[in-house]
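Okay, here's what each chain looks like letter by letter:
Protein chains: 2
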Amino acid sequence: MIRFAIAFVLLSLANSLFAEEGMFLFSNPPKKAVVEKYGFEMSDGWLETAQKATLRFPNGTGSFVSGNGLIMTNHHIASAQLQALSTEENDLLSNGFYAKTEAEELPCPSLELLALQSYEDVSEKVKSAVKPEMSLEEAEKARRAVIARIEKEATDATGLQCNVVTLYQGGQYHLYRYKKYADVRLVFAPEQQAGSFGGDPDNFEYPRYCLDCAFFRAYEDGKPAATPHHFGWAKENVKNDELVFVSGHPGRTNRAYVPLHLKFQRDVVLPRTLQKLYRLETVYSVYAERSEENKRRIKNELDYIKNSRKVRTGQQAGLLDPALMMQKNVEDDIFWSTFQRDERLFKERATLPNLNEILQSWMGVLNLYQFVEQGDAFPARTFQIARMLVRLAYELEKPNDQRLSEYQDSNLDSLKRSLFSEAPIYEDVEILKLENGLTFCSEVLGATDPILGLDAKSPIQRATELVKGTRLFAVEERKRIAEGGIKAIEESSDPMIKLAVAADPHARKVRKQFETTVDEPLKQAYAKIADWKFQLFGDTFYPDATFTLRLSYGTVKGYTEDDGTAVPPWTVIDGMFERAASHKNVPPFDMPESWAKAKGKLDLTMPFNLVSTNDIIGGNSGSPLFNKNAEVVGLIFDGNLQSLSSDMIYTDVQSRAVSVHAAGIVEALRKVYDMGRIADELGN
Amino acid sequence: MIRFAIAFVLLSLANSLFAEEGMFLFSNPPKKAVVEKYGFEMSDGWLETAQKATLRFPNGTGSFVSGNGLIMTNHHIASAQLQALSTEENDLLSNGFYAKTEAEELPCPSLELLALQSYEDVSEKVKSAVKPEMSLEEAEKARRAVIARIEKEATDATGLQCNVVTLYQGGQYHLYRYKKYADVRLVFAPEQQAGSFGGDPDNFEYPRYCLDCAFFRAYEDGKPAATPHHFGWAKENVKNDELVFVSGHPGRTNRAYVPLHLKFQRDVVLPRTLQKLYRLETVYSVYAERSEENKRRIKNELDYIKNSRKVRTGQQAGLLDPALMMQKNVEDDIFWSTFQRDERLFKERATLPNLNEILQSWMGVLNLYQFVEQGDAFPARTFQIARMLVRLAYELEKPNDQRLSEYQDSNLDSLKRSLFSEAPIYEDVEILKLENGLTFCSEVLGATDPILGLDAKSPIQRATELVKGTRLFAVEERKRIAEGGIKAIEESSDPMIKLAVAADPHARKVRKQFETTVDEPLKQAYAKIADWKFQLFGDTFYPDATFTLRLSYGTVKGYTEDDGTAVPPWTVIDGMFERAASHKNVPPFDMPESWAKAKGKLDLTMPFNLVSTNDIIGGNSGSPLFNKNAEVVGLIFDGNLQSLSSDMIYTDVQSRAVSVHAAGIVEALRKVYDMGRIADELGN
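Protein sequences, first through last, are from chains A and B. Numbers in the numbering used here are just positions in the first sequence, counted from 1, shifted up by 27. Numbers in the numbering used here are just positions in the second sequence, counted from 1, shifted up by 27.
Calculated directly from the structure, the hints in this document are not laboratory data. Check the hints yourself; a few may be wrong.
Copies of the same chain are indistinguishable here, so a pair counts whether it falls within one copy or spans any two.
Using 30 Å as the maximum straight-line C-alpha spacing, the simulated DSSO-like pairs for lysine-lysine come out as follows [stated by the list, open to error]:
id, residue 1, residue 2
1, Lys506, Lys525
2, Lys337, Lys322
3, Lys262, Lys79
4, Lys624, Lys611
5, Lys326, Lys611
6, Lys168, Lys425
7, Lys425, Lys179
8, Lys584, Lys495
9, Lys290, Lys525
10, Lys584, Lys484
11, Lys337, Lys495
12, Lys484, Lys355
13, Lys290, Lys484
14, Lys374, Lys536
15, Lys322, Lys626
16, Lys337, Lys326
17, Lys484, Lys337
Can you build the whole structure from these sequences, using the hints too?
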């Protein structure tokens, strides 16, 4: 047994040495590892190009792919703009957009992109502002003050947008200076059928056949921006096992989670979340099946639930893989053995909050927190509005820094936008949600728990009474109550307001309990561990993703499914036609008309989508996949099912990043969309 | 508070006095109540007609509707026959069947129908065979022996099929003598689009538009049977509030459940079952979405899951209605107060098993029993086969009466039919089911519970290994192992057999625990309560449904939904066209071609489906709905959503039985299907 365990540990170590894990900072790129493994030296010029040619979109990543400001990103990253630019006559999201000349390129007034120009380590300046005698609150205040000063000075000096970013859970603070592109115009987007071919059923799946791409252009002074730092376009198709890079803005990872915490996620948090999601998916699907109008009303929420469910089942599958858990155990063991040998640090051990106790507290408060404060028991929009109104009235009476965070001055605008939104709310959907929430909560907390406020009625009776009785569907009524403050709340006879008032003490109590016994101690524990790790290993390891710019390396590589199926590194265009045919052309597998027409002209053997081992996560959508010559070989748009555990654990056994192939993009531009002018511009 | 409670009790009592609850035996019909409420006397002749004209189908009910053996039932009751009679060229289930002449009526060799001719109370004979000194097992044996003798004597004397049925949980035993019709021929069935218009989304819903009907004919000596006892056909449409009756074979109710047990169902059993069903519905739906072939492979199981989920959510909604629970509490209070006033019975009180303790035992054993013995952890068909083979080998070594019940001689034929069935098993579906089962079980019992046999693999890895490794897909291999007995099991290297062997001791242990601490004590407790009730109230109350023939009365009546919508007592034919149009004619709401063609001829204002307050449950499908003249006014085919709690609690506030309207049937026969010969025969 012991010999087996040792062999396993060595194997895992070897595996993690060779695995291409890492979302590296441009300030600390993995030069050494890449030279050792691939004999490739990342030069400073090469790094500068990748850094300055990569753009931060509000919800993802893009990149310059010509010297004239041409920008490549995903169709699904462009979709918010496509929706905003649509008119009643022309739905750009469905139909696509094709600027046949530069003059036709369509301004996107609400879009701003950022390109990182330079960075600076300001850890000492930030940390020295915090004195040992300060309370937690004072420390936080001092930190915020010094960061605000650094940002202002840098902006004044450079005219760039300057932000201090927190890395390593507070182990480091870096000053980032971004160039902002505020005049961005839409150049090309395919129709949605091509942009998200396969829809939800194919989301997170591979093999895949999807032209999830779009092009924009940055303008300066009314002309295409000169962008000397840009990616080229690969002259030859990328090869199997070829070294490839991804630069982009991965959003959030939890790689710092310790094994105990991962087990808690696996055994407590994820099962509970999945239970809710499976239930909602069924309830919403059944509602949608009843009529076409129902389908329309619930579509966005149902899509969101399906996506969340898929992500969570993927994470759960990863955490249930003993090999992955073993990998985390080994990492953890290495850290603690190193820690124990450090006499100075070892003395600090007692200052680490007890993780087991924190997780026990979490377990104790989890259901009540989810049902009452997070609103699983009262998931109707009108209840959420009622709660916002009630809290707004009481919170505004307090000094700014004593309010719940979402009611502090800096967040009030966004809160009011949501509160006074004219977005339609449907009575039947409200009743459906509330009945389901009350029933779910009844099952877990017990049908007679007074916290539910069922008032001796069944969930459907109570839900109907509340929704039929409330006047909060009307924005005017919301404004009247918001302006009336506490008096308006106290005088209100609106049943939803009264429910929110009755539930609020319970909700605030459990929120306080969660924040003080779970959330804050957990943050402190991870900050402490990060600090120790940083002292022991310096920046030889990469920090968790935080939407800051990162670089990852990997190779183009197929894999083997558990059932023995060999999955190829790339698909070809013909596969899209085959997939549509095998689904009898039923949406979301219906062949776009433009492609069906172009079939005779297309090279059906042209690569279309491909997979690589690069370490990515949500936020990397739209990232360029590029080769040693900084030439685009693909466009990241998804990860496969097995990659879903990668917010907590990286693995390259089956986990893959999924890209649109550069050759497929050019083929489609030229032969399907008559956009040769863009194909010509790429790589020039 | 007390005054309120008393008022409530009186209200409920009044309600239950007026409510039309009851599935009455023909030996004890509700003559008095019907005279008092409706001034209608059920004559003995009237009762005899209803009794002898009602038929037991293997899965429901039918009735004679002419003197020439014409039988009416549901399309969904006929569907097994339609499937069996289909050929590759003609799928009768999809296309329907229309015998234009008597000669074309199609024999159904596997169909046998039973009509109850007479009954006799044999309670004393059966009970007197059991002596006080007998053990439980001896008592059971003695009871079985005397029942077998009574049945044999009766069959010998009459030539009829004779069965002793258990009523009132063993409070009474009746001898039923049935006439058997063994030559039954198919006369008419509409196409499935009409027979189950609205499909799963409309199942248990109302308003409704469904021609869920079919006709057969009984033959004797090669000629249409003479059936003097038959229902007529209403000359006029039934009126709102009109008194109507249902005769039929309701399958199973649990009206005897005490409030404590209902709460346990509500808070423990149903939530757990629903958690499983919500999960399976999502997992199967996602699989189905991936391809047309997947959809075909999983369709039946997915439909079954959806149906179960709908039934369970309906039951749960009923149990979460405080008014319904209050009704059960009042009934329970009345029983116990009466009981306490009976000195002789009150002394027996201590002999009642402690229900609270039983339910606590159930709670303790529930998860393990469901996962390990009921197979929620290993839901693959090949695992079920492996378990059958393993148990068969060991059980056959034991004397017959010591075996697990399903392995006793009388059940071996049906067990082997299942074990050696050539029905296709799909590898990918097997992996899907097993992975999901192992994951679900991991979440509840913990990912490292050895009972799972995960063998340091993830659920998907282990599921794949088991399914890829087993040879039990081949019926020949199953036969080889079954013939080889224990030796073949012990020598087998089949991973599924090895898993079944490893799991079996756990499974047997938890089954034994469930049977001895939950199932058997619960049965004894309810038998005891039923016995006391019978001693106190005699047969003034009706026994729980047991597939025996019952009569219920009620009225045609619309209702009001919780949201205030008034639901009409009947729909009209035009509504079907409207519903199809509003769904853009997408299945299962697509208008049958035959109806679309006939639209010009049809009277679109003709009543189509209707609702009444009759107390029915599964098994009543195909029952005639008839008036005071014993004339058919409708054909029972469903209950609405609110009726789903009626296995445990009857209510007539919103709960309704749903029928095809007699007028709609005739209109369709004449104008859509050119079956005037049958329309003419009805009611003659």
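These are the hints, each one checked on the structure:
1. Lys506 with Lys525: within (17 Å within a copy, 68 Å between copies)
2. Lys337 with Lys322: For Lys337 and Lys322, both the intra-copy (20 Å) and inter-copy (19 Å) Cα distances are at most 30 Å.
3. Lys262 with Lys79: within (22 Å within a copy, 86 Å between copies)
4. Lys624 with Lys611: both (17 Å within a copy, 27 Å between copies)
5. Lys326 with Lys611: both (23 Å within a copy, 18 Å between copies)
6. Lys168 with Lys425: Only inside one copy: Lys168 and Lys425 sit 18 Å apart there, 78 Å across copies, limit 30 Å.
7. Lys425 with Lys179: within (29 Å within a copy, 87 Å between copies)
8. Lys584 with Lys495: Classified as between: cross-chain Cα gap 25 Å, same-chain 57 Å, threshold 30 Å.
9. Lys290 with Lys525: between (40 Å within a copy, 29 Å between copies)
10. Lys584 with Lys484: between (59 Å within a copy, 24 Å between copies)
11. Lys337 with Lys495: between (34 Å within a copy, 25 Å between copies)
12. Lys484 with Lys355: Answer is between: at 16 Å across copies they meet the 30 Å cutoff, but 49 Å inside does not.
13. Lys290 with Lys484: between (39 Å within a copy, 16 Å between copies)
14. Lys374 with Lys536: neither (36 Å within a copy, 51 Å between copies)
15. Lys322 with Lys626: between (33 Å within a copy, 28 Å between copies)
16. Lys337 with Lys326: both (16 Å within a copy, 21 Å between copies)
17. Lys484 with Lys337: between (35 Å within a copy, 21 Å between copies)
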